[in-house]
Structures are given as C-alpha cells and as structure tokens.
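Produce the entire structure from the sequences given, and follow the hints as far as they go.
Going down the list, the sequences are from chains V and W. In terms of this note's numbering, the first sequence is residues 1 to 547. In terms of this note's numbering, the second sequence is residues 1 to 341.
Calculated from the structure, these hints are not laboratory results. Because the structure is a prediction, the values reported are computed rather than measured. C-beta atoms are modelled at their ideal positions from N, C-alpha and C, and glycine is treated no differently. Hints may be right or wrong, so weigh each one.
Incomplete in silico selection of chain W near chain V, CB under 8 Å [what the hints assert, rightly or not]:
{"hint": "1", "residue": "Leu70"}
{"hint": "2", "residue": "Thr74"}
{"hint": "3", "residue": "Ala84"}
{"hint": "4", "residue": "Ile174"}
No farther apart than 25 Å at their CA atoms in a straight line, the calculated lysine to aspartate or glutamate pairs in the DMTMM-like style are these [what the hints assert, rightly or not]:
{"hint": "5", "chain 1": "W", "residue 1": "Lys341", "chain 2": "W", "residue 2": "Glu142"}
{"hint": "6", "chain 1": "W", "residue 1": "Lys341", "chain 2": "W", "residue 2": "Asp328"}
{"hint": "7", "chain 1": "W", "residue 1": "Lys341", "chain 2": "W", "residue 2": "Glu240"}
{"hint": "8", "chain 1": "V", "residue 1": "Lys536", "chain 2": "W", "residue 2": "Asp172"}
{"hint": "9", "chain 1": "V", "residue 1": "Lys536", "chain 2": "V", "residue 2": "Asp500"}
{"hint": "10", "chain 1": "V", "residue 1": "Lys536", "chain 2": "W", "residue 2": "Glu240"}
{"hint": "11", "chain 1": "V", "residue 1": "Lys536", "chain 2": "W", "residue 2": "Glu142"}
{"hint": "12", "chain 1": "W", "residue 1": "Lys144", "chain 2": "W", "residue 2": "Glu124"}
{"hint": "13", "chain 1": "W", "residue 1": "Lys144", "chain 2": "W", "residue 2": "Asp172"}
Pair ranges (Cβ atoms, derived) [unchecked claim]:
{"hint": "14", "chain 1": "V", "residue 1": "Pro541", "chain 2": "W", "residue 2": "Leu76", "range": "29 to 35 Å"}
{"hint": "15", "chain 1": "V", "residue 1": "Ala150", "chain 2": "W", "residue 2": "Met130", "range": "31 to 37 Å"}
{"hint": "16", "chain 1": "V", "residue 1": "Pro538", "chain 2": "W", "residue 2": "Gly83", "range": "23 to 29 Å"}
{"hint": "17", "chain 1": "V", "residue 1": "Ile432", "chain 2": "W", "residue 2": "Gln241", "range": "58 to 64 Å"}
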Amino acid sequence: MSSRSEAAPAEPWGSEGLLSWLTTTDHKRIGILYIVTSFAFFLVGVTEASLMRWQLAQPQNAVLGPEQYNQMFTMHGTTMIFLFLMPMLTGLGNYVVPLMLGARDMAFPRLNGFGYWLFLLSGLFLYSSFLFSAAPDGGWFAYVPMTDRAYSPGRNIDFWVLGVQLLGVSSIAASVNFVVTILRLRAPGMTMNRMPMFAWTVLVTAFLILFAFPSLTAAASLLMLDRFLGTLFYSAPAGGDPLLWQHLFWAFGHPEVYILILPAMGIISEIVPVFSGKPLFGYIFVAWSSVAIAFLGFIVWAHHMFATGLPAAVQAFFALTSMIIAVPTAVKIFNWIATMWGGRIRLQPPMMFAIGFIALFIFGGMTGISVAVVPFDWQVTDTYYVVGHFHYVLFGGAVFGMFGGLHYWFPKMTGRLLSERLGHVQFWLLFIGFNLTFMPLHLLGLMGMPRRIFTYLPNLGWDIPNLVSALGVPFIVLSVLVFLYNVSVSLRRGALAGNDPWNAVTLEWLASSPPAPYNFAEIPTVRGRRPLYDLKHPDRPDAAPRA
Amino acid sequence: MPSGKTVWPRLARPIMLVPALALLALAALAGCQGSPLALNPQSPQAGSISTLAWTLFFIALPVFLLVEALLLFTVLRFRNRRGAEEPPQIEGNRRVEILWTAAPGVVLLIVLWVTFQTMAFVLESPPESMQVQVIGHRYWWEVKYPSGNFTTANEIHVPVGQTVRVDLTSIDVIHSFWVPELSGKVDMIPGHQNHAVFRALNVGTYRGQCAEYCGVDHAYMGFLVFADSPTTFAAWVQNEQQPAAQPTTAAARQGQELFASSACIGCHTVVGTPARGVIGPDLTHVGSRTTIGANLLPNTPANVARWIADPQQVKPGNAMPNLHLRSDVVDKLAAYLESLK
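Structural data, given as structure tokens:
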C-alpha cells in the first residue's frame with residue numbers, strides 16, 4: 001500500500017487537561033469520549049426502563065402518568081439505539097480498529113472529532129426537550145399520522161425528528177471514516193483476508209449505515225415538511241399514505257438492528273478465539289456471514305408490518321427473506337462453538353460475557369424466527385413477546401458483547417486490569433437479572449398484553465409476570481454499579497496490564513498500554529491472520545492465507 | 001472425540017425440566033385467570049395459529065436444547081486446566097461448515113411450509129361471511145352493521161358458528177384490532193381498508209384491545225366481542241334496529257330534556273331524537289351495553305354519573321371535556337342514558 005497514515009495531527013492544545021480533550025483528533029481519545037458519553041446515556045436509558053418496569057409491576061400503578069410513560073418508552077428506545085449502542089460500538093471501533101489495522105489514526109481525524117461532537121450535541125438537544133416539558137412521545141418508530149401536527153401539536157416530535165436527523169449526520173460521518181480507514185490504512189501485508197474479524201464487522205456496519213440512513217433521512221424529512229410547512233405526504237385524507245412512513249422507516253429500522261448487533265458479533269469473534277487459545281474456526285464463513293446478513297438485512301423490513309394488510313404474496317416474500325437471514329446467523333453460532341471445541345477455555349470476564357452473548361443470542365435468534373412466521377406474528381406483534389425477543393438480541397446480544405469488549409480492551413485503554421472477581425460478580429448479576437426481567441415478557445405477549453400501555457387492569461393474569469420482570473431490574477442495576485465501581489477502583493489501583501495481558505493475537509496488543517499517541521513507532525508488517533501469534537511462535541507461524 | 005456420549009444424558013435431564021416447568025406455569029396461569037390467551041383459541045382462525053405456534057415450539061425446543069447443551073458442554077469440557085498444553089491450532093473444516101449452513105436451511109423450509117399453509121387458511125374470507133365494520137377512534141371503537149343499518153360502539157356481537165368479516169379502518173391515527181382468542185392483529189389505518197376474518201366456535205365474551213400505540217389512552221382502548229347463540233343474536237339485532245326507547249321515570253325524562261338541550265348532541269347520536277353528533281359513540285342503546293369508556297368500567301348508573309361528571313378524571317386524554325355540570329344534572333343524564341336499553 002502506498003498511502004501510509006502519518007502520526008496524528010499535532011494536538012494544538014497539548015496532551016493534558018480539559019482543553020486537550022475538547023480539541024483532540026486522536027482516535028483513541030475520541031474513542032474514549034464516545035465510550036464515556038454513550039455509557040452515560042446508557043445509565044439514563046436504564047433509569048427510564050427501571051421506571052417503566054416499576055410502573056408496570058402492579059396493575060393500575062401510579063408511578064408514572066400516561067404522558068410520562070409514553071415519553072419514557074420513546075426516550076428509552078431512542079436513547080438505547082441512537083445515544084448508547086451505536087455510539088458505544090462506534091467508540092470501541094474508533095479506539096480499537098486503527099490499532100488492529102496497524103494504523104496511526106483514522107483516515108480523517110478531524111471528521112472523527114466532528115462526528116463525536118455532533119453526537120454529543122444531538123443527544124443533549126434531544127434531552128433538552130425535558131426542560132421544555134416537551135420530551136418526544138411518539139415512540140422510537142414515530143408512526144404517522146399520530147406524529148403529524150394534527151395529532152401531536154406540541155414541540156415533542158419536533159425535538160425527536162430534528163435530533164434523529166442530526167444523529168444521522170454524525171453516524172454517516174463516522175461510517176465514511178471507518179470505510180476509508182479500513183480499506184486504505186491497513187498495515188503492509190494485511191489483506192482483507194487477514195483482517196481481524198472486528199474490523200470486518202465494523203466495515204460491514206459502516207456500509208449498512210451508509211445505505212440505511214438515507215431512508216430514515218428521507219422519512220424524517222417528509223415528516224419535517226409535513227410538520228413545519230404543512231405538506232401532506234403522510235395524510236390519508238389528502239391522498240398521502242401513512243404506510244409510506246412505515247416502509248421508509250423500517251427500510252432503515254431493520255438494517256439498524258444489524259448495525260447494532262454486527263459489531264458486537266465482531267467483538268465476540270475476537271474474544272472467543274483468544275480465550276480458547278485457538279484461531280477463529282472458519283474465518284471465511286464468519287466474515288462472509290456478516291456480509292450476507294448485511295445484504296439480506298435490506299430485504300426483510302416489511303416483517304415489521306405483517307399486521308398492516310400487505311398483500312399475501314408480499315408477506316410471504318418477507319417471511320422467506322427473514323427466515324433466510326437466520327442461516328448466516330446460525331453459522332456464526334456454530335463457528336464460535338467450534339472455535340471453543342478442543343481449546344483451552346479461560347473463563348475470564350471477557351469470555352464469560354462472550355459465552356453469555358452466545359447463550360442468550362441462541363434464544364433471541366429463535367424467537368426471531370418465530371416472528372418471521374407471519375400468522376404467529378399476527379398474534380405476537382406489538383405485544384410484550386416482541387419486546388422480550390428483541391431484548392434478548394439487543395441486550396443479551398449487543399450489551400453483553402459491549403461489556404465483553406469493555407472488559408477485554410480496558411487494559412489496553414488504561415494500562416490496568418479490571419478486577420476479575422468483580423467482573424464475575426457483574427456477569428452473574430447481569431445474566432440472572434436479564435433473564436428474570438425479559439423471559440416473562442414472552443409469556444405476557446402470549447397472554448394478550450400489548451406493548452406501550454402505561455398500565456393494565458387487574459384480573460387479566462398479567463400481574464405476576466410483570467412483578468417477576470420488575471424484580472429482575474435491581475439485579476441489572478446492581479450489576480451496572482458493580483461495573484462502574486470496578487472501573488473507578490481499577491483505574492487507580494488495578495494491576496498493571498502490560499502490552500498483552502490476554503495472550504492475544506491482533507496488532508493492538510503489540511502497542512503499549514495505553515498506546516502512545518502515534519500508536520506504533522514502527523508500522524508492523526503482517527503475514528497472517530494472527531500477527532502476534534506469529535511473533536510469539538516464530539518456529540511455527542500460521543499458514544498464511546491467500547492474499 | 002472424548003466422552004461426549006456419557007456426559008450428554010446427565011446434562012440433558014435437568015435441562016429438559018426447565019421448559020416442562022415453564023409450560024406448567026403457563027398452563028396454571030392460563031387456567032385460573034382471565035387472560036385473553038392467544039393459545040386458548042375460540043375460532044378456527046386463532047386455532048390454526050395456535051397449532052402453528054405449538055408446531056414451531058416443538059421444532060424449536062429440541063434445536064434450542066441441543067445447541068445450548070452443546071455450548072455448555074464445550075465450555076465445561078474444554079475449560080482451562082493447569083498444565084494443559086496448547087490446543088491444536090485448527091482453522092476450520094469446510095465440510096462441517098457447509099453442513100451446519102445447510103442444516104438450518106432444511107429446518108426453515110419446513111417452518112416456511114407450515115407458515116404458508118396457515119396464512120392461506122387464516123386469510124381466506126368466504127363470500128357468505130357476515131360483514132361488520134369497525135372504525136377506530138381515539139380511544140374507542142365505532143361498530144357498524146351494514147346489513148342491519150345500525151351503529152353501536154365498543155361491543156361487537158356476532159352469532160356463533162357464522163364466519164364474520166370485520167372491515168377495519170380508522171378515522172384519525174393508526175389503531176390495531178386484536179382479539180387474541182378469535183383473531184390475530186389487523187391494523188386500522190386511515191385511508192386503508194383491512195379485514196379480520198373469524199368464526200366464533202363457542203358462546204362467550206372475548207376481550208379485545210388496541211394493539212397499535214395511538215396516544216395517551218392507548219392502554220384504555222379496549223372492547224368486547226360477544227359470541228351469541230343465533231337466537232340471542234337475532235334478538236340483539238332486533239333491539240339495536242329500534243330507535244331509542246322513551247324514558248319512563250321522571251328523572252330519566254328530565255335527563256332526556258337536558259341531553260337534547262345541551263352540548264351532548266354536538267357529539268353523540270341517539271336515533272329517534274335530535275341528537276345527531278358523530279364525534280363520540282352512538283348512544284342509542286348505550287344502556288344495554290355492559291361496559292363504558294371502551295371496556296374500562298362496568299356500565300352502572302354510578303359509573304356513568306362519574307364519567308359524565310368528569311370524563312377527564314376517569315379516562316384522562318379522551319375527547320370528551322369536563323362540562324362542569326351540577327350533580328343533580330349529572331344524575332338525571334345518567335338515569336336517561338341508563339334507560340336507553
């Protein structure tokens with residue numbers, strides 16, 4: 001490769017103090033800013049969820065009124081998707097990917113800073129709505145015509161639609177940067193075929209964002225025109241169509257699910273081989289299954305709309321595509337298990353979260369197939385069954401993957417190890433609390449409880465499952481607190497990590513912990529998929545895959 | 001490979017207990033409580049979906065247990081032991097990977113087949129179906145019987161054994177029609193006409209609820225479906241086709257005058273009187289309904305009075321304003337409405 005990334009642009013305000021963080025273009029610092037900010041939004045989202053579960057713990061409870069409840073679930077969904085999971089995974093990618101590739105920074109360091117600050121400002125803008133008693137209340141899906149001016153005359157939806165548009169710009173900026181960085185800044189010898197799996201998933205995710213967000217931008221722009229200028233794109237009496245919103249929104253919304261889960265799958269694909277002491281089983285299958293999921297992800301959106309009266313042939317088509325997407329997903333599960341098979345599995349916290357991810361994702365994936373079964377979906381769509389399903393995928397999957405990644409890369413970012421004992425305590429609290437909270441929701445859906453209701457009448461049999469679900473919440477909250485305590489203690493007193501505490505195989509573990517601003521004094525040359533393994537075993541390096 | 005065969009059954013037995021217990025819990029909950037349970041079907045349409053659900057369950061259960069057990073076994077069997085050597089560095093095996101790519105495909109083909117079968121059955125709408133029209137409002141259900149030329153609200157009566165086609169649309173935002181024991185969800189979308197088809201198998205009352213988030217009172221947008229015997233149904237239709245009954249008590253008569261001379265008639269219809277409003281529910285036979293407020297409260301004089309006195313206190317966010325009526329006026333209006341059998 002001819003274009004070598006030079007050292008990061010000189011930090012104009014030095015390398016210490018607040019001003020240096022405000023002006024930084026170092027991918028590692030921007031990564032940390034993303035991670036810390038999105039984690040703060042995670043805490044807000046957890047608080048909103050806790051209030052909702054508390055409200056629903058008993059029939060006709062009065063913790064929240066209907067308006068407040070509707071704001072809570074709207075902001076919970078919007079926060080967890082746009083302000084927590086996406087930027088968190090962007091942050092991990094930002095920190096780790098250039099290091100993994102043997103690059104000195106992202107391709108466009110200033111664009112990188114722009115993406116972060118725009119994300120932060122959009123998040124603050126969305127939450128400033130609470131100061132005006134106008135928090136968005138249309139659901140994260142904001143279905144028209146309910147979100148049109150006629151039925152939502154307040155500023156609530158204006159905050160949402162503008163905030164989401166701005167977040168789209170931020171995500172697209174970050175994605176362009178990832179695509180160029182990954183395609184152009186890999187170390188000499190690192191062909192696509194030798195690239196770490198996390199970089200693969202970040203690349204695929206970046207393409208997903210670039211192709212999915214325009215659909216959201218279009219949908220939201222039409223909504224803004226309807227709301228601000230009085231156009232009638234979504235107004236049925238005027239010849240517009242409310243279903244247009246749903247098609248545009250879900251053409252973004254379903255790829256979005258894979259935007260959230262693919263990077264987490266990438267993290268798992270890094271952790272499982274390292275802690276099993278083996279290479280990833282079936283690199284090619286795992287890499288291309290991500291690509292397959294991304295392609296298929298664009299042709300499954302109408303499975304969110306099976307109850308809208310689409311023609312039977314259309315429903316059949318989307319049932320078919322939605323089921324096919326289970327195949328590349330299953331491939332990943334089997335390949336991870338095969339990676340562990342015959343290995344030397346070290347059950348340290350990153351690996352515990354990875355195994356937790358796989359265990360929970362199997363369940364979430366299977367209920368996912370069930371909602372692709374059109375007639376079954378007619379019964380369970382818009383019920384708590386679906387809420388249970390996607391929390392198994394996005395919480396059991398993406399959030400467990402994130403915690404695995406944070407435990408895995410914390411030593412690289414800080415130079416210190418997290419406490420393993422606290423890591424295990426955190427894992428088990430989260431695993432138990434998660435299942436306690438979300439398993440009963442499947443039952444509630446089958447028992448006829450719709451989503452997005454702020455309360456319910458007694459004598460419907462919904463009391464006990466809701467109470468059980470609420471009882472899981474303290475476990476989850478405690479688990480998050482244990483993690484925060486672990487981080488705060490380990491930052492100061494954790495054991496020194498050294499460059500490579502996990503006996504890992506990818507290039508970030510070649511750099512010092514934390515890495516110098518320029519990452520590598522000398523750009524390493526790569527001959528296989530596991531450059532560090534080759535360095536540690538010069539006598540028997542990996543057989544180099546075809547370039 | 002090492003002793004997988006001997007460990008498997010020992011692990012499998014306790015794991016098999018979990019779904020069995022979960023099923024028992026489900027049955028217990030279903031049996032002793034009044035849930036509108038999708039798995040307690042009362043129509044052939046809901047029945048075919050329930051059968052499909054169980055089919056899926058029994059296909060998924062062994063797959064789920066097998067994969068989870070495989071994961072658990074792998075973790076336990078190959079966990080690190082002191083002094084263990086570096087494991088063999090195996091990078092993959094194309095043949096087994098193709099196998100486990102193809103195997104789920106085969107299972108999914110079976111699932112797809114039963115899916116399409118059930119879809120065809122549930123979507124079938126015989127031409128001799130009885131037609132009912134339901135229009136969604138924030139936050140109640142307008143129910144029209146085109147064949148009988150009358151309108152009611154929030155309580156749908158159908159004859160047992162007769163296939164019913166419910167034509168669905170909405171006047172404002174999107175709502176969704178859902179009676180778990182009789183029919184899966186069908187969205188009610190402004191500008192669209194959708195249909196739910198079902199044939200109630202047994203006499204009974206079935207709970208329905210709006211399933212698409214529609215605003216503040218989404219939680220309180222319920223309705224009831226009464227599956228009546230043919231004679232009961234015919235009598236009900238007969239009664240609904242009559243204009244409103246004339247009140248017989250003094251209080252009800254005074255209530256009638258108050259009703260006709262107040263804001264009530266701007267929104268409500270009482271057939272046979274000057275009340276022709278179309279914004280709120282038709283009240284011609286409101287006294288004969290079992291609930292008020294879209295299946296929120298039992299239809300008793302006290303509850304009706306409570307509603308009229310301050311609808312926003314009973315169901316905050318509904319379209320009816322607090323009219324600030326004196327309590328004696330409220331009582332007379334309630335007496336009148338209760339007389340509209």
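Outcome of the hint check:
1. Leu70: OK, holds: leucine 70 of chain W within 8 Å of chain V, min 6 Å.
2. Thr74: holds, 5 Å
3. Ala84: Given a least distance of 5 Å, the restraint on alanine 84 of chain W holds.
4. Ile174: holds, 6 Å
5. W:Lys341 - W:Glu142: holds, 18 Å
6. W:Lys341 - W:Asp328: Status holds; Cα separation ~22 Å.
7. W:Lys341 - W:Glu240: holds, 9 Å
8. V:Lys536 - W:Asp172: At roughly 68 Å apart (the allowed maximum being 25 Å), aspartate 172 of chain W and lysine 536 of chain V break the hint.
9. V:Lys536 - V:Asp500: holds, 11 Å
10. V:Lys536 - W:Glu240: Violated, at roughly 87 Å.
11. V:Lys536 - W:Glu142: violated, 75 Å
12. W:Lys144 - W:Glu124: Roughly 22 Å separates the two Cα atoms, so the pair holds.
13. W:Lys144 - W:Asp172: holds, 17 Å
14. V:Pro541 - W:Leu76: 29 to 35 Å: This hint holds: roughly 32 Å between Cβ atoms.
15. V:Ala150 - W:Met130: 31 to 37 Å: holds, 34 Å
16. V:Pro538 - W:Gly83: 23 to 29 Å: holds, 24 Å
17. V:Ile432 - W:Gln241: 58 to 64 Å: holds, 60 Å
Violated hints, in rising order: 8, 10, 11; the structure is consistent with all others.
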